[in-house]
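Student: The lines below spell out each chain.
Protein chains: 2
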Amino acid sequence: MTAGETAGNRAGETVGELGEWGLIGELAARMPAGRYSSIGIGDDSAVVTAPSGDVVAAVDLLLEGRHFLRSWSSAFDVGVKAAARSLADIAAMGATPTALLVAVGLPGALPVSWALDLASGLASEASRAGAGIVGGDTAAADSVMLSVTALGDLAGVSAIRRGGAVAGDVVAVAGPLGHSAAGHALLRSGAVSPGSLVLPDSAANSGLSTLVAAHLRPAPPYDAGPEAARLGATAMIDVSDGLVADLGHIATASGVVIDVAASALLVSFGGSPLFDAAAVVAAPETDIAESTMLDWILGGGEDHSLVATFPPSVTLPPRWRVIGDARPAVGAGGVMVDGKPYSGPGGWQHFR
Amino acid sequence: MTAGETAGNRAGETVGELGEWGLIGELAARMPAGRYSSIGIGDDSAVVTAPSGDVVAAVDLLLEGRHFLRSWSSAFDVGVKAAARSLADIAAMGATPTALLVAVGLPGALPVSWALDLASGLASEASRAGAGIVGGDTAAADSVMLSVTALGDLAGVSAIRRGGAVAGDVVAVAGPLGHSAAGHALLRSGAVSPGSLVLPDSAANSGLSTLVAAHLRPAPPYDAGPEAARLGATAMIDVSDGLVADLGHIATASGVVIDVAASALLVSFGGSPLFDAAAVVAAPETDIAESTMLDWILGGGEDHSLVATFPPSVTLPPRWRVIGDARPAVGAGGVMVDGKPYSGPGGWQHFR
Numbered sequence: 001m002t003a004g005e006t007a008g009n010r011a012g013e014t015v016g017e018l019g020e021w022g023l024i025g026e027l028a029a030r031m032p033a034g035r036y037s038s039i040g041i042g043d044d045s046a047v048v049t050a051p052s053g054d055v056v057a058a059v060d061l062l063l064e065g066r067h068f069l070r071s072w073s074s075a076f077d078v079g080v081k082a083a084a085r086s087l088a089d090i091a092a093m094g095a096t097p098t099a100l101l102v103a104v105g106l107p108g109a110l111p112v113s114w115a116l117d118l119a120s121g122l123a124s125e126a127s128r129a130g131a132g133i134v135g136g137d138t139a140a141a142d143s144v145m146l147s148v149t150a151l152g153d154l155a156g157v158s159a160i161r162r163g164g165a166v167a168g169d170v171v172a173v174a175g176p177l178g179h180s181a182a183g184h185a186l187l188r189s190g191a192v193s194p195g196s197l198v199l200p201d202s203a204a205n206s207g208l209s210t211l212v213a214a215h216l217r218p219a220p221p222y223d224a225g226p227e228a229a230r231l232g233a234t235a236m237i238d239v240s241d242g243l244v245a246d247l248g249h250i251a252t253a254s255g256v257v258i259d260v261a262a263s264a265l266l267v268s269f270g271g272s273p274l275f276d277a278a279a280v281v282a283a284p285e286t287d288i289a290e291s292t293m294l295d296w297i298l299g300g301g302e303d304h305s306l307v308a309t310f311p312p313s314v315t316l317p318p319r320w321r322v323i324g325d326a327r328p329a330v331g332a333g334g335v336m337v338d339g340k341p342y343s344g345p346g347g348w349q350h351f352r
Numbered sequence: 353m354t355a356g357e358t359a360g361n362r363a364g365e366t367v368g369e370l371g372e373w374g375l376i377g378e379l380a381a382r383m384p385a386g387r388y389s390s391i392g393i394g395d396d397s398a399v400v401t402a403p404s405g406d407v408v409a410a411v412d413l414l415l416e417g418r419h420f421l422r423s424w425s426s427a428f429d430v431g432v433k434a435a436a437r438s439l440a441d442i443a444a445m446g447a448t449p450t451a452l453l454v455a456v457g458l459p460g461a462l463p464v465s466w467a468l469d470l471a472s473g474l475a476s477e478a479s480r481a482g483a484g485i486v487g488g489d490t491a492a493a494d495s496v497m498l499s500v501t502a503l504g505d506l507a508g509v510s511a512i513r514r515g516g517a518v519a520g521d522v523v524a525v526a527g528p529l530g531h532s533a534a535g536h537a538l539l540r541s542g543a544v545s546p547g548s549l550v551l552p553d554s555a556a557n558s559g560l561s562t563l564v565a566a567h568l569r570p571a572p573p574y575d576a577g578p579e580a581a582r583l584g585a586t587a588m589i590d591v592s593d594g595l596v597a598d599l600g601h602i603a604t605a606s607g608v609v610i611d612v613a614a615s616a617l618l619v620s621f622g623g624s625p626l627f628d629a630a631a632v633v634a635a636p637e638t639d640i641a642e643s644t645m646l647d648w649i650l651g652g653g654e655d656h657s658l659v660a661t662f663p664p665s666v667t668l669p670p671r672w673r674v675i676g677d678a679r680p681a682v683g684a685g686g687v688m689v690d691g692k693p694y695s696g697p698g699g700w701q702h703f704r
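Chains A and B are the protein sequences, given in the same order. This note's numbering numbers the first residue of the first sequence as 1 and each following residue consecutively. This note's numbering numbers the first residue of the second sequence as 353 and each following residue consecutively.
It cannot be assumed that every hint is accurate.
[Said to hold, decoys possible] Derived DEER-like restraints, expressed as beta-carbon distance ranges: (1) B:Arg387 / A:Pro51: 16 to 26 Å; (2) A:Pro311 / B:Asp494: 41 to 51 Å; (3) B:Ser624 / A:Ala28: 34 to 44 Å; (4) B:Asp494 / A:Gly190: 25 to 35 Å.
Calculated from the structure, these hints are not laboratory results. Even glycine gets a Cβ: it sits at the ideal position worked out from N, Cα and C.
Bound conformation, chain A alone:
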């Protein structure tokens, strides 16, 4: 299902006209049960298998006007993004996603087709991660809001926390950096209009649409999380607030200094760039300095790629690109770029 596609048999009908039970039925029919649940949607609670004897769990909010705009994001995009944010938190522990629970608030005047496309986006990304959608809640709200809870299983590995990095570790990232920020900047500048691109189903394609897709539909490399755990990662996090901000969480929790080599961020690794600078340079009517691209990479966030620390003896598969190392901290831990404090955007805070 592509972003522009809608459920044609609901043309013009609103969520309010369909009513709560009708809507729940239509949404539930679009949700993948997944392989891990013995009881899914339709009872008081879901029952999800937890073979390791532990369950990994995280929740994330996605609010219209705060985290997305309906003028930029299709309903399908919103569903993908809401699922990806929570699923990436499971992968960042080294766990395998098993299930999502989705609470949605929707305006009564919203077209039913929009709600069904939202469900398709959620279902698509859950399925890409191997997870089912096993429960949820709906309510009328003034704007679109989602709260997605993701569950996962450790499948024989230990959870990878933020505080385990030690001096001497290498820092490596799986997935792109700065693409979401670049896509956001391109959309905001008007260089790209959201309806003008046929978005790829994932950020695996290249070109401008990659950058916009990375912003509208992040595609975290979920299986890189358990892979990192099996390789012996000492700390891991997903890049949601920004590379420097998120590495800062690892550095502070671990009591180390993490030094990122800027030179590593704009080169290709085996022909596959960490950041697709060529696409930006080729964008019409844009003239973007390399320093701007570096700010996107270092401060942008929302790519939901995984960044981890590994002992230097570990042989990393090609998708893990080394971008720095951990060093002893004098005093509190922190992050440096090329040995110097980073003065660019270091993440952002809500409410302010």
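Given chain A, work out where chain B should sit, using these hints.
Tutor: Just chain B now, with coordinates in the frame of chain A:
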């Protein structure tokens, strides 16, 4: 902590002034870790033990203006209610609550003290259920919104679903019925003003404040859920939409007719009433007919008491009050009251 009590050292400060990281720190400091989590708040995900090899999970939304009013409910009340709604879904499967994840949207202009009282309410109810609060998310929003995910463990029993009732079963309820609806009606009529009562910590007290407290701070009998499972319950649900509506879910899923005896609903069971009619009759400036009380009991909902079906051979502990039985269905299942279809309120739908 009582409803009126606030964190005095934050007088006048708003959520926006404190900022996201500061707020998260203050909220997290008030959350009980519980006995079941090995990793709690502060990493990408929580890790919660699931000794039975399955995890029971449910999510519920609580939105300002839809599910509560800040003019009626204190922040503490809102926290209790948000936690209770989700925790009751765990108990209704026969499971023991283990953990909550709480996503909150808060206006930047909200006093920090309100947010901290909200956290105290969540913490209080989670602790009453034996659960920790192990993760969450925060965002700025135009009004207060909560999404609470509850997790639980089956602890050696099988999950009790909605579809297992058979003809001949008795229908029994643990916890009050109609109290929340009565409290809502008293608040709406102006017969009781929300600030005029010192609310008990739970609905265990009696009198008018019981009814208002039941609306503002439902107190589901969580341990009655696993108890029912051990006793051999064939179906169970928590009364959230209304007794008739929720029994309708059991009747439909099970393919039986459930007949509720109205005569059983207004009597005392061993001196403890299912519905505290005496408190209503004693209310100042109220003249409420018995039929109105029956409508509260049959249609009111939101008490989050547990209603279950049991084989007739089961000896039920006193807190399980028999209110009807299950009979063979001719055609689709449904609910009757005293052998006749019920024409009163049968639950309600969002969006409409």
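Student: Give a verdict on every hint.
Tutor: Against the structure, the hints come out as follows:
1. B:Arg387 / A:Pro51: 16 to 26 Å: This hint holds: roughly 22 Å between Cβ atoms.
2. A:Pro311 / B:Asp494: 41 to 51 Å: Hint holds: Cβ distance 47 Å, inside 41 to 51 Å.
3. B:Ser624 / A:Ala28: 34 to 44 Å: At roughly 39 Å between Cβ atoms, Ala28 (chain A) and Ser624 (chain B) fall inside 34 to 44 Å, so the hint holds.
4. B:Asp494 / A:Gly190: 25 to 35 Å: The hint (25 to 35 Å, Cβ to Cβ) holds, given that Asp494 (chain B) and Gly190 (chain A) are roughly 27 Å apart.
Of the numbered hints stated above, none is contradicted by the structure.
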